[in-house]
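**Student:** So the chains spell out like this:
Number of protein chains: 2
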Amino acid sequence: MKVSELMFGKRLATKDLAHQAISKKIGLAVFASDAISSTAYATQEILIILSIAAIGSTNMWQTQGAVLGISIPIAIMISILLAIVTISYRQTIYAYPNGGGAYIVARDNLGEVPAQVAGAALLTDYILTVAVSISAGVAQITSYFPALLPYRVYMAVGVIFLITIVNLRGVKESGSIFAIPTYFFLGIMVLTLIIGFVRLAGGSLATIDPASVEMFHHPEELVTPEAGWAFAFLILRAFSSGCTALTGIEAISNGITAFREPRSANAAKTLIAMSAILVTLFISITVLAVSIHAIPSEGETVISQLGRVVFGQGSLFHFLLLGGTALILLMAANTSYADFPRLAALQASDGFLPRQLTYRGGRLVFSWGIMFLAIAAAALVVIEDASTTGLIPLYAIGVFLSFTMSQTGMAVRMQKVGKLKPGERVKGLETDLVYDEHWRKKQIISIIGAISTFVVMIIFAVTKFTHGAWFILLLIPTLIWIFFRIHNHYKEVAHQLSLSGKRPDTTPRAVQTVILVDDVHRETARVVNFAKSLQHPWKAIHIAVNPEKAQRVEDKWKERIGEGQLEIVPSPYRLLAEPIADYIEAIQSQMPGCFVHVIIGHLAMDTYWEQALHQNSSFILNLVLSRMDNVVFTTVPYHIHRTDDDEGDGQTSALKAAEKVEIEADKVGA
Amino acid sequence: MKVSELMFGKRLATKDLAHQAISKKIGLAVFASDAISSTAYATQEILIILSIAAIGSTNMWQTQGAVLGISIPIAIMISILLAIVTISYRQTIYAYPNGGGAYIVARDNLGEVPAQVAGAALLTDYILTVAVSISAGVAQITSYFPALLPYRVYMAVGVIFLITIVNLRGVKESGSIFAIPTYFFLGIMVLTLIIGFVRLAGGSLATIDPASVEMFHHPEELVTPEAGWAFAFLILRAFSSGCTALTGIEAISNGITAFREPRSANAAKTLIAMSAILVTLFISITVLAVSIHAIPSEGETVISQLGRVVFGQGSLFHFLLLGGTALILLMAANTSYADFPRLAALQASDGFLPRQLTYRGGRLVFSWGIMFLAIAAAALVVIEDASTTGLIPLYAIGVFLSFTMSQTGMAVRMQKVGKLKPGERVKGLETDLVYDEHWRKKQIISIIGAISTFVVMIIFAVTKFTHGAWFILLLIPTLIWIFFRIHNHYKEVAHQLSLSGKRPDTTPRAVQTVILVDDVHRETARVVNFAKSLQHPWKAIHIAVNPEKAQRVEDKWKERIGEGQLEIVPSPYRLLAEPIADYIEAIQSQMPGCFVHVIIGHLAMDTYWEQALHQNSSFILNLVLSRMDNVVFTTVPYHIHRTDDDEGDGQTSALKAAEKVEIEADKVGA
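Chains as they are written, first to last, in my numbering: chain D, 7 to 676; chain P, 7 to 676.
Hints in this document: simulated from the structure, not taken from any laboratory.
Bear in mind that the values here come from a model prediction, so they are computed numbers and not experimental data.
Hints may contain errors.
A pair counts as met if it fits within one copy or between any two copies, since identical chains are not told apart.
As the list claims (entries may be wrong) - Dumping the calculated DSSO-like pairs for lysine-lysine here, alpha-carbon to alpha-carbon at most 30 Å:
| id | residue 1 | residue 2 |
| --- | --- | --- |
| 1 | Lys545 | Lys555 |
| 2 | Lys564 | Lys508 |
| 3 | Lys275 | Lys31 |
| 4 | Lys538 | Lys508 |
| 5 | Lys555 | Lys31 |
| 6 | Lys427 | Lys447 |
| 7 | Lys508 | Lys545 |
| 8 | Lys497 | Lys555 |
| 9 | Lys497 | Lys562 |
| 10 | Lys433 | Lys422 |
| 11 | Lys564 | Lys538 |
Bound-form chain D, shown alone (with noise of 0.2 Å):
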């Protein structure tokens, strides 16, 4: 107790579990995290995927140039993607001013099965936003110390182990202390931006040396510019690894009330505020990394080598840039460790996945999801030997078809909206509907934005298919498939159990009482006192999975019990449940309708390891009859108190003696 007080915290009571509201520029910090963090990696990735074509080229150096500075297009046609999303999520925060995640407005306006496509795509894409940021973060840090690279899989995942530790233990995910990350990097990442477009307008930035950093090996074949179509597809790649910098730009559509109000205003604002932020430092970097011909590798991020021009290598202000990236990047992966359990304890509580998702923890935290999304992010992260690179291709398609969701939900509440009456406000499933002159113009926007969001993902899908798309594509499926096996399921016994409203009949029934005997001592007596402290009818029975063992307990029983009938019941087999299965369908047939009460006792030990040297068969005997309709089962404890275990040194040998014959005698099989 006192372990788990220290590693996890003291408990909460539930009426602990309130928000506080925050302003804009705490909410900027707390929700933009996750969105502002992939400008960490999102230039990194295009510039990788171009490399396959730069590599490729015959005059290396001249075309290398031309063909990585094919990014700053992309980089300006996904930030024209990022404008179209935003203004489209902007309308979400206002129609679901309690919260308009993809999972609620798709149940909301779309039904079951879209909603659990969106919940699917969500949580896979929150398990994979903790690995790549995970991992992304510790690519910062091995850039500045080399040395630690090969130990980049125990850092991601010890990193991993810490942010569920402190999740554990619940952190206010609005508390202010939050945005110092944020503001930390955003403050360090302006300043190098702003000396380097300074030096380059200057013309003395200075470029990377080629010998200085190695280049990404591809282990795929090269692409030149030369190949037409093939090139065409490595563009269309490029822009779906760019695509990646989208990511979490929903973050703000969940937490609305987080804000104070007018809430949805005053998110809306922060929202804009964010994606403003995000494309200036995305084209910017982009920019940048292109100027100073930043080599894409495995062993420095693109991060790094802006920083070595702008501040010279190993500088403090080199170190201060990918510290704070590093750390904006923890803040992302920390933001999925209360939307994942989140979204999932919501999924469970519409009965699409298990009830105990939905159980806070003496932390008031959702502990389950918070391990569940902890394993399957460091699986991830070993399997994929945490490089940023390898983790990509499985990444974003989650988000950009929970983006499509919930742009087809608002495109559908539009055109219910268009049927109102100047005024009017009619009473929804999740929000109010309500009259807006607008709603074509918003419907079309919402349109627009599904429409490109898909086939951003069809994109995304298709050049990444071969390269681990392909899990993602059979995983969503599947879960969704798993959501509804379960869902039946709880209906199948939500069914069964219903009472329909109506008075069931519980006339008393008969009710057969029969005693299970293992051996004859205290634990026995003790069943066979509460049995008749029922003041029922009894009888005892003895499985003889050992025949001289079970003439032991006959006669034992004549001597130390003296009432009631022992019957023994013969086992050829050696089993203890299928002969008292076959004794209670007898008893069953002989007297349709009757409960069977079977009593058995328990020996209960002090501590785990003390009861794991007793066969504990009260514990599988109640699995197993729990099978059987009519049967109901008693466990009568008998507890056994520990004593200290020299105490028996003290003994004289004729105590030692007689306890000896107990043994023989009391030999205890339970």
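Mind docking chain P on chain D? Use the hints.
**Tutor:** Chain P only, in chain D's frame:
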């Protein structure tokens, strides 16, 4: 059920547990495999240690021959030791016609502690027999197929898996089918040796080309023959490694009951025959190995080098020799699969190991013991990379410790026999003590045996200490400590449970019945029905983990049960067990000495995955409440029968809508 029957076979009745008496010829084959198979690696392990000096010599090939030649006197020394142990064990066979393993002899003559020392030593060594024999067997196969060398760990673990399955099915250890591998090995080995010696005499025996085999790589410092004490120490180390030839010699003394009458005489003759064969093979192999300049290697075993020189590389007979050797090593491992679980069951029935180990499974085998042996042996194989040489320093300490215990026990026994009058017969614990005029001579033999095996064990422990023997020297005392902790626990439990022959007081006591209610539905109705059927006053409580739900439960109780009293117990920390325990304690303080009878419903599902979707509070509460005194715990199962998942698709939408309402109303928390 079908899969397990296919894998493990049909279950067997207890009466099928019978022995068939076997002849000396079959007995030799069955019990000798462990001992004789050690000739497959004993010579090689001597040469490997000597090669540390051989490589260190300046004039390499000339001195190497001389140094490796030391293996011949070492083999002769070991054979003398073997003769002493054989003569000593022959006496044990006559004294214990019902089986005289070291554990039984030590327990009978020396007491609890020496018996447990012997038990710990033997259990450790049975595990090592499996690991060493399987590794050595795989080494024979990879000698013939060098391409398989990188897969030796997988092969060894695979073989352990197969042998485990076979033993979980149960094998008749005395079946004559076991004679085939032993006699096949003997046949092919004798042929090899005869041809080898004939060629050696004729001068046509080739020597191994040093370029064809890679010498075993020693990571340790080399010792030259000029090094004095260090060289002497090395010779002792080589002697220790060779002493593994003695392992398995005790097998016959464990299995005397399997022989035809006169059992002891037949077993004793078989023992002598076995030792004679073992000595002949061991010395012959060593002499021939030295003659062909065998090169101790990790890639090719000495047996393979012998076969290659005698029959030609890759010839059929080379293959048969290696196959036969691998087969007898497999048989040797199989012997431990009978001995380990049997000894563990013996110690468990004496209360020094968990009682579960005495339990024979549906196939009449000690399943737990077999599985523990398999896991431990496989772990050793993986840790030591399936290298016989890596495992050897752990091996044989246990065997020699058990030899010492057994022979010390025999010496003590002879002292007692010496006090008898001519013709006198005294009842002993295990077997009768019978007057013997040669008692003094026999006692001296036992003492010589005890001293020499003890000295060898010390040599072993000292020379191999840093190479792994330290682990066994820590493990054995740890095991003994654990055995006594377990024993003290069982003694304590027996003490607390003992009725001391008196009739206990079972006067009926007051029973307070409390129903735990999670929600109100058919399962709840079943629980109330049972409580009413008991014809006892009862009341119901609901633990308000979720205050809103508590209100709904209270309302539904009034509406649908409408009788009895439902109390809402608050739980601010969302705990279930603690508020219940507090409630029970309150009852007990009001009414001392009463039974508190807690009744809870349980949803029983057809499959485990369905069961896992429910909270199964009854299991957890049972575990927690069983630690409280005078609390009796009853589960009333409600069986949910599975229906076809697709059935719902045929339902009318009206029915579906009705179901939806029910799910809303009856959300199942349990």
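**Student:** Output the numbers, in ascending order, of every earlier hint that fails for this structure.
**Tutor:** 5
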